[in-house]
Amino acid sequence: MDPRLSPDPTSLDPTPGYTPANNNTMDTSADNHTANMDSDMYTDSQPAAVGTPSSLSNVPLTADGPGGSGGADQAGNSKRKRFVKVVEVDAPNNLDLDAYIATYKGHTKVNRLEFIADRCPSLQVDALKLAITELRITNTLHVSRYINLVRKLNEAVKFGAPGSGSVSSDLLTVDKAWADNQMLKAKQQTDLLEGELKNYKRNSIKESIRMGNIELGNHYYACGDLTSAHRSYSRTRDYCTTSKHIIELCMNVIKASIELGNFPHVLTYVVKAESTPEVAQDKEVTKAKLKAASGLANLDLSKYPAAARDFLSIGEELVGNQYGDVISANDIAVYGGLCALASFNRTELKRLVIDNVGFRQYLELEPHIRDLIQGFYNSNYALCLDIMDKWKNDYLLDLHLHSHIEALYTNIRKKALIQFSSPFLTVDLTKMAKSFSTAVPALEKELVSLIIGGQIEARIDSQQKILWAKQTNKRSAIFDRSTAMGQDYEREAKALVLRMQMMNHGLVVKGPPGERGGPNDGEHSFEAPHPRGGRDREMFAGTRANVSSFLSSFSRERHHR
Amino acid sequence: MAPSDPSFDEIISKIQAATDITAVTKTLAPYLNNLNDPVFAAQSNGQADPLDALDPATHSFAYLYFLVHRCKASHGFDHALLAKVWAFVTTCDGEQVRLASHKAMSFAEALVKVATETRQPIIAIKPLAVFIQRLQASPGQLTMIHPLLAKTCLLAQSVKDILPILDNDISDVKPQQTHINYKDFLLYHYYGGMIYAFLKKFERAVEFFKLAVSAPAEVASAIQIEAHKKYVLSSLLQYGRVLPLPKYIASAVQRTIKVQCVAYADFATAYEKKSNSAIKTELEKAKPTFVRDKNFGLAKQCMEALHRRNIQDLTRTYLTLSIENITSLIGLGSEPDGARRVEGFIVRMIESGAIFATISHEHAGGMVSFLDDPNQHNNTITMDMINTQIQKATAITAKLSAMDQAISSMPAFFNKQGSHGPEQSGYPMDESDYSMHMGYDNYVDEESFL
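First to last, the protein sequences are chains V and A.
Be aware that the first sequence starts at 1, since it is given in the UniProt record's numbering, and climbs by one per residue.
Be aware that the second sequence starts at 1, since it is given in the UniProt record's numbering, and climbs by one per residue.
Here chain V stands alone, though its shape is the one from the complex:
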C-alpha cells in the first residue's frame, strides 16, 4: 500500500468539523493551522497518482486508495470556492530539499516543509524530519504543531516511506517534557503580556499600549494562533502616531494575513502602507517587501498580470532573502517569470522582463526560468514546453504556486500557439503538432477553441490539415454592416414615432378603473381637473428627450455591436 500523503481520515477528523475553518476559530491545534494553509488544497477529495504528466493540459485524476483527504473535503469549501485537486507528486525532478528550504526562515519554513510532506511521498520523511528539527531548534511555542508533525512522521515511517530507516528515535517520540515545558512557557507568557497590556491600558499611554499589543501579537504568532495575532496587530492601529508605526503595523498584519491566507487583506494593507509618507531607513527594503507581498496576494487571487508587474518591480533588495519569512528570492524569480510569461505580450515581455536589470539577479538564481523566457521570446517552443514539463512537479510542491500552475501553463501554451501561427499565411498542422509535442487531433481541438475565442484569425482545412489565415474582406463587411445599421435605424425610428403617437393619443394599456378600489378611483377623478396640462408637459418633455437622445445616441450604441 503506498504511503498515504495525508493522514487517515480518522486522524483528520477535526478538519471537516470546522467548515469556517480559516479565520474564526480560536483553536490553536495544529490541524487548524494546516487547514488554514491547505484547506483550499483539500477541497476535492480525489488524490491522484501522477508521474510526470504526459500532456501538459490536464493532470489525470483517479480516485485512489482510502478516503485519504476525503474528510477534508468540507473544510476546503469554507473560504475559497476554487476546486484545487490534491495532486500527489511522485518525485520532483530538481528539488534539493535542503538547499530549497534553507532560503526560508520562520513560520513559512515549517509551512512549506509540511506542505511538501503532504504531497510528496518520497520526500515525506525528510521534510518532516527537517520540520521537527526546526521546531525544536527554534524552541517554538507552537507545541500542538510539533505534536502533529511527530505523529505524521510516525505514520510515514509506519507505512515505510523512503528514508524511514534513517529516522532517529528521538524524533519519533514526542518529547513530552520539552513539550509541556514549552506549553507552560507559552501560557505564562500569554498571561504576562495580557496583564501588562491591561496595565498599559489603565495608564493610557499610547505608545506602551501599542507596544504591548505588538508584543502580544508576536507572541500569539509564535504560538501559532494567527487569528489572535492578527487581531492584536490590528488593534495597534488606534495607537499609531508616526508613519513608522503605521508601516510596522502594516507589515505585521500583512505577515499574519499571508499565513492566514487572507490575501485581499494583504492588498488593502499594502496599499495603506504605500500611501503613508515614507521613513528614511529601510525605505527600499520595505518597499520591496510590500511589492513582494502584493505580488503574492495577486498571484493568489489569480490576477496574474498584476502579480507579474509587482514581482518584476521589486528591484534588487530581496536578493539576499531578506523577506525570507514570507518569500525567497528564488520564488520571486519563479513567480515573476511564470506570471509574466502567461500574461504579457511580446513588447511587454521584452521591456519588463528581458531588459529588466533589477530582475536579472533573480533570474540568475533560477536559470531555467531565464531560459524559458528567452526560449519563448525566440519562438523556441519545444524548449519552453520541455522546461515547463520538467519543472512542473516542483512547482506543484510550492506552497503558493501549486493551485495556479495549471492556469499559468495553459495560458503560456495558448500564447505560444497564437504566437506560432501569427506570422504565417498557412501552417501545416502536422509540423505544428510536432513542435508542440501533441497529436494533430488534440492540436486541432486547441486551435478551434482559440479561433472561436477570437484569438486566432484563421480557418482550418481539416481535410488537408492546414491552418489558413483569414483574409477578411473589409469592404464587404462594411457594406453588410451599413445595411444592417440602416435597417435597424429605420425600424427603431418608426417604432419611436409610433410610440409617441400612441402616447399622445392615450393609446396606453390601462387597468380597468375601480378595479383596485378606492385609490384608483381617486386617481381617476383627479385626472379630470388636470387633463391636458401636467400630463402633457411630462409627455412633451419625455418625448422630446426620447427623440433627441435617439438621434444622437443611435449611432454610438450601434457602433458597439
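Watch out, some of these pointers could steer you wrong.
For lysine to aspartate or glutamate, the following EDC-like pairs were computed, each having C-alpha atoms within a straight-line distance of at most 16 angstroms [stated by the list, open to error]: (1) K294(A) x E284(A); (2) K399(A) x E492(V); (3) K303(V) x E406(V); (4) K510(V) x E218(A); (5) K474(V) x D373(A); (6) K434(V) x E492(V); (7) K187(V) x E207(V); (8) K494(V) x D172(A); (9) K399(A) x E490(V); (10) K465(V) x D428(V); (11) K274(A) x D313(A); (12) K470(V) x E343(A); (13) K390(V) x E366(V); (14) K494(V) x D167(A); (15) K272(V) x D238(V); (16) K105(V) x E134(V); (17) K414(V) x E444(V); (18) K206(V) x D180(V); (19) K14(A) x D78(A); (20) K474(V) x D167(A); (21) K470(V) x D373(A); (22) K470(V) x D167(A); (23) K287(V) x D238(V); (24) K247(A) x E492(V); (25) K103(A) x D93(A); (26) K392(A) x D488(V); (27) K494(V) x D169(A); (28) K392(A) x E490(V); (29) K201(V) x D238(V); (30) K392(A) x E492(V); (31) K247(A) x E248(V).
Note that these hints are calculated values from the structure, not bench results.
Take the given structure of chain V and dock chain A to it, following the hints.
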C-alpha cells in the same frame, strides 16, 4: 314597418338627396341613426330591395347601414348577399365609410359571423382585406378591423390576402377617427406576429411581437405577456439569442414578464449556451408550459434552427470539414441518421443562401468546403440598395426632426422648459442640431472607417 316610421321611398329619396360628404354628415347621419333597425330590413312596397336602389359607390354611407343589417340577419350561405358585399367593398367611398366607423366594425363582425356560420371563414377574408384598405385614410393606419381580420386569417390559416396589409407597418394611430383602443393595437400585432411565424418570416414576427410588448402601458396586459413568450422563442429562432427589449418598455410589463415567463427565460439561457443536451433537457422540462401556451411548435423549430446556426458557426472556423465531423461537432453524432440530416440541412442552407459551400462526395461520407461570400458588393445592386436605405433613413429623420420642432415650439412645452432654464436640457437651442443633416452626420461619422 311601424306607422310612425318614414316610408321606404322617403328614406331612399333622402339618401339620394345627400350628394356630397357634408350633406351626409350633417343631415343623413343623424337621420339614419334615428331610424329603427327594422327599417333597414324592410323592402319597398314594390318588393324592390333598397340595396338595389342605392349605389355603393356614391351612397356608401347608407349602403353600409343596410348591409350591416342584412349580414346580421342572414343565415347560411347567401350567394347574392356575398356578391353585394364584394361589390360594396370594392367600390365604396372611403371617406363616407370612415364617417360610419362604428357601423364599419359591425359590418366586419357580421361578415365574420356569416363566414363562421357557414364554416368557411375564408370567404370573409378577401372582402375584409379590401375593405380595410378602403377604410384606411393612409396605408399605415390602424383600424378596428385589423385585429379581426388577422384573427380570422389565423383561424382559416389563409394568409395570402392579409400579407399586403401586414407588410405596411402601422404608422398612424388616431383614435378619434378610427375609434381604436389599445387592445386593437396589441391584438393586431400579436396576431400579425403569429401569422409571420406561421409563414416562417421570423424577422418580421420578432418585430411585431416587440411592438406589442413595448407598447406604452401603465399595467401589463395579458396580450403583452403572451406576445413576450412568443417573442422569446421567435428571437431565439431567428437570432440565436433573445434581442434586448427597447428601453422604453413599461416597468409594469417588465415586472410581470419576470414573474410569468420564467420557463422561457430559462430556456433562452440554456439555448444561448449552445449545448445540445442542456437545451434538450430544458425543453423537456419546460414542455408542459410550452404546450399549455401553445408554443411547443415554435420551441421545436428552435431546435432545428440551433443545428443550422451551429453549422453556420462552423463556417467561421473551418475551411473544409467532413460531414461526419460536422455531425459530431454540432452534437448530432449520437443520432442514427445524423449525417443524413446534416447533409440535408447543408443543402437547404446553401439553397437559401445562408451559407456558401460545396459538397463533394469524392471521399466516403462527403466533404464540405466552405467558401466566402461571393458577393463582392461592387455592383449596381449594392448601389441601389444603399441609395434606397439612405433615402429611407433621411425621410424618417426628417419626420422625427419635424415632430421634435413641432413639440418644442408648443407654448406648453416652452413654458415648462423656460421655468427650468437652460441648465436642464443640456442641448443647445440652435436648430442646426436638429436638422436632418446633423442626425445623419452622426450616423456616418461613427461608421468611419476602421
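Cross-check of the supplied hints:
1. K294(A) x E284(A): 15 angstroms, holds
2. K399(A) x E492(V): Judged against 16 angstroms, a Cα distance of about 13 angstroms means the pair holds.
3. K303(V) x E406(V): 14 angstroms, holds
4. K510(V) x E218(A): 5 angstroms, holds
5. K474(V) x D373(A): 12 angstroms, holds
6. K434(V) x E492(V): At roughly 54 angstroms apart (the allowed maximum being 16 angstroms), E492(V) and K434(V) break the hint.
7. K187(V) x E207(V): 25 angstroms, violated
8. K494(V) x D172(A): 10 angstroms, holds
9. K399(A) x E490(V): Within the cut-off at roughly 12 angstroms; holds.
10. K465(V) x D428(V): 6 angstroms, holds
11. K274(A) x D313(A): 11 angstroms, holds
12. K470(V) x E343(A): 25 angstroms, violated
13. K390(V) x E366(V): Holds: K390(V) and E366(V) sit about 14 angstroms apart, inside 16 angstroms.
14. K494(V) x D167(A): Holds, at roughly 14 angstroms.
15. K272(V) x D238(V): Holds: K272(V) and D238(V) sit about 14 angstroms apart, inside 16 angstroms.
16. K105(V) x E134(V): Roughly 9 angstroms between the alpha carbons, so the hint for K105(V) and E134(V) holds.
17. K414(V) x E444(V): 13 angstroms, holds
18. K206(V) x D180(V): 35 angstroms, violated
19. K14(A) x D78(A): Given pair K14(A), D78(A) is violated - Cα atoms ~29 angstroms apart, limit 16 angstroms.
20. K474(V) x D167(A): Violated, at about 33 angstroms.
21. K470(V) x D373(A): The given pair, whose Cα atoms are some 13 angstroms apart, holds under the 16 angstroms limit.
22. K470(V) x D167(A): Status violated; Cα separation ~39 angstroms.
23. K287(V) x D238(V): This hinted pair is violated, its Cα atoms lying about 23 angstroms apart.
24. K247(A) x E492(V): This hinted pair holds, its Cα atoms lying about 11 angstroms apart.
25. K103(A) x D93(A): Judged against 16 angstroms, a Cα distance of about 14 angstroms means the pair holds.
26. K392(A) x D488(V): With Cα atoms ~12 angstroms apart, K392(A) and D488(V) stay inside 16 angstroms; holds.
27. K494(V) x D169(A): 9 angstroms, holds
28. K392(A) x E490(V): Holds. K392(A) to E490(V) sits at ~7 angstroms (cutoff 16 angstroms).
29. K201(V) x D238(V): 12 angstroms, holds
30. K392(A) x E492(V): 12 angstroms, holds
31. K247(A) x E248(V): 53 angstroms, violated
Of the hints listed earlier, those the structure fails to meet are numbers 6, 7, 12, 18, 19, 20, 22, 23 and 31, in rising order.
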